[in-house]
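*Asks:* Sequence:
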Amino acid sequence: MAQLPEAWRRAVLPGLPPLLPDSDAFADTIYGRTPSGGRLADVTQLSREDGVLDGAADRLRHRARISCPLGDLEFDTLLHLPTATSPAPVIVALSFTGIEETLDQAERWPYAKVTQAGYAVLTVDYQQIEPDDENARGVRALFPTDSWGAVAAWAWGLSRCLDIATSIAGIDPAAAIALGHSRLGKAALWAGVQDERFAVTVSNDSGCCGASLFRHPGGEDIAAITSKFPHWFVPSFASYAGREDELPVDQHQLLASIAPRRVYVASAEDDAWADPIGEYLAVVAATPAFKDGDIGYHVRPGGHDLLEEDWLQALDFSRRTSRGSRSPGRRSG
Numbered sequence: 001m002a003q004l005p006e007a008w009r010r011a012v013l014p015g016l017p018p019l020l021p022d023s024d025a026f027a028d029t030i031y032g033r034t035p036s037g038g039r040l041a042d043v044t045q046l047s048r049e050d051g052v053l054d055g056a057a058d059r060l061r062h063r064a065r066i067s068c069p070l071g072d073l074e075f076d077t078l079l080h081l082p083t084a085t086s087p088a089p090v091i092v093a094l095s096f097t098g099i100e101e102t103l104d105q106a107e108r109w110p111y112a113k114v115t116q117a118g119y120a121v122l123t124v125d126y127q128q129i130e131p132d133d134e135n136a137r138g139v140r141a142l143f144p145t146d147s148w149g150a151v152a153a154w155a156w157g158l159s160r161c162l163d164i165a166t167s168i169a170g171i172d173p174a175a176a177i178a179l180g181h182s183r184l185g186k187a188a189l190w191a192g193v194q195d196e197r198f199a200v201t202v203s204n205d206s207g208c209c210g211a212s213l214f215r216h217p218g219g220e221d222i223a224a225i226t227s228k229f230p231h232w233f234v235p236s237f238a239s240y241a242g243r244e245d246e247l248p249v250d251q252h253q254l255l256a257s258i259a260p261r262r263v264y265v266a267s268a269e270d271d272a273w274a275d276p277i278g279e280y281l282a283v284v285a286a287t288p289a290f291k292d293g294d295i296g297y298h299v300r301p302g303g304h305d306l307l308e309e310d311w312l313q314a315l316d317f318s319r320r321t322s323r324g325s326r327s328p329g330r331r332s333g
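If you read the sequence shown in this note's numbering, its first letter stands for residue 1, the second for the next number, and so on.
No wet-lab data here; the hints were simulated from the structure. Misleading hints may appear alongside valid ones.
Unchecked claim - Have a look at the derived ranges for each label pair, beta carbon to beta carbon: (1) 260 to 103: 33 to 41 Å; (2) 301 to 39: 41 to 49 Å; (3) 245 to 69: 20 to 28 Å; (4) 45 to 236: 42 to 50 Å; (5) 316 to 260: 32 to 40 Å; (6) 85 to 144: 26 to 34 Å.
Computed from a predicted structure; not experimentally measured. C-beta: ideal position from N, C-alpha, C; glycine also.
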């Protein structure tokens with residue numbers, strides 16, 4: 001892959017739409033409009049274990065209640081708080097499994113390495129926010145509008161998790177990171193666009209409708225993703241199947257919408273379905289929107305997964321590009 005970037009640029013970049021970020025266009029075309037409302041009503045600490053991970057972290061479990069227009073949403077969170085850093089920057093990341101299962105997934109959830117590096121991590125099972133099922137509803141049933149898809153609901157959940165994290169002592173609210181893998185990488189990017197409190201947004205193997213360009217022919221396309229996962233998006237998005245060139249947006253514009261805050265995109269060489277070439281090209285095309293160094297990228301050997309290497313590369317980017325305390329910015333929802 002390292003020998004090909006100039007060829008990719010010549011073949012794809014000239015055909016991209018102008019770098020004029022418009023989050024409303026992404027909402028109307030792909031993800032749906034996130035409704036206003038959804039307030040953190042209360043957070044109850046369920047347990048606390050001090051000095052876990054060989055003393056690197058304190059482990060806290062909380063139950064959160066979010067007040068929505070048509071009812072309350074409750075879910076449990078798992079927080080690892082570094083013992084050596086206070087206040088600590090926090091990584092907010094949804095999990096594909098229950099939060100307790102993440103404790104047995106050290107490669108995908110390297111809590112020890114991350115907290116040793118001085119970062120807190122807060123996670124929640126993504127299906128507690130919104131079921132990954134076209135026939136079910138979670139938080140979307142608690143709003144009077146059905147104008148948003150599941151990806152937008154998970155992005156909303158990341159913002160509510162940040163509400164929770166910043167209500168807990170020892171968290172630096174101006175140094176928050178949204179991180180996600182695969183479909184949850186799409187959600188992390190959409191959360192980063194909408195919620196300026198996220199100082200850094202990290203997309204890992206997010207592919208189609210995430211960091212990869214629609215106009216780069218490779219990997220998953222609109223026909224494939226909307227036929228299998230129609231509930232992720234607004235229904236009208238499926239009408240662009242086979243008509244990618246007619247989309248009013250492309251994903252370099254999504255990345256640019258996060259500027260001037262920072263973005264990091266991670267790919268894997270063998271993850272053809274997520275189109276690492278298209279992800280790289282999106283980063284290249286979005287770069288003019290950022291200050292020097294504020295958008296980063298890596299591609300590692302291997303396939304579609306979130307690995308310790310991906311975490312550590314993203315944290316290195318966060319440290320290298322940090323310019324001290326940043327204002328929390330606006331709150332989403």
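*Asks:* Holds or violated: the 41 to 49 Å window for the beta-carbon distance between residue 301 and residue 39?
*Replies:* holds (44 Å)
*Asks:* Does the Cβ distance between residue 85 and residue 144 fall inside 26 to 34 Å?
*Replies:* violated (42 Å)
*Asks:* Is the hinted range of 33 to 41 Å satisfied by the C-beta distance from residue 260 to residue 103?
*Replies:* Since residue 260 and residue 103 have Cβ atoms about 36 Å apart, the given range 33 to 41 Å holds.
*Asks:* Range first: 20 to 28 Å. Now tell me if the beta carbons of residue 245 and residue 69 are that far apart.
*Replies:* violated (39 Å)
*Asks:* Is the distance from the Cβ of residue 45 to the Cβ of residue 236 consistent with 42 to 50 Å?
*Replies:* holds (43 Å)
*Asks:* Could you see if the CB distance from residue 316 to residue 260 stays within 32 to 40 Å?
*Replies:* violated (20 Å)
Hint check: violations occur at hints 3, 5 and 6; the rest are consistent with the structure.
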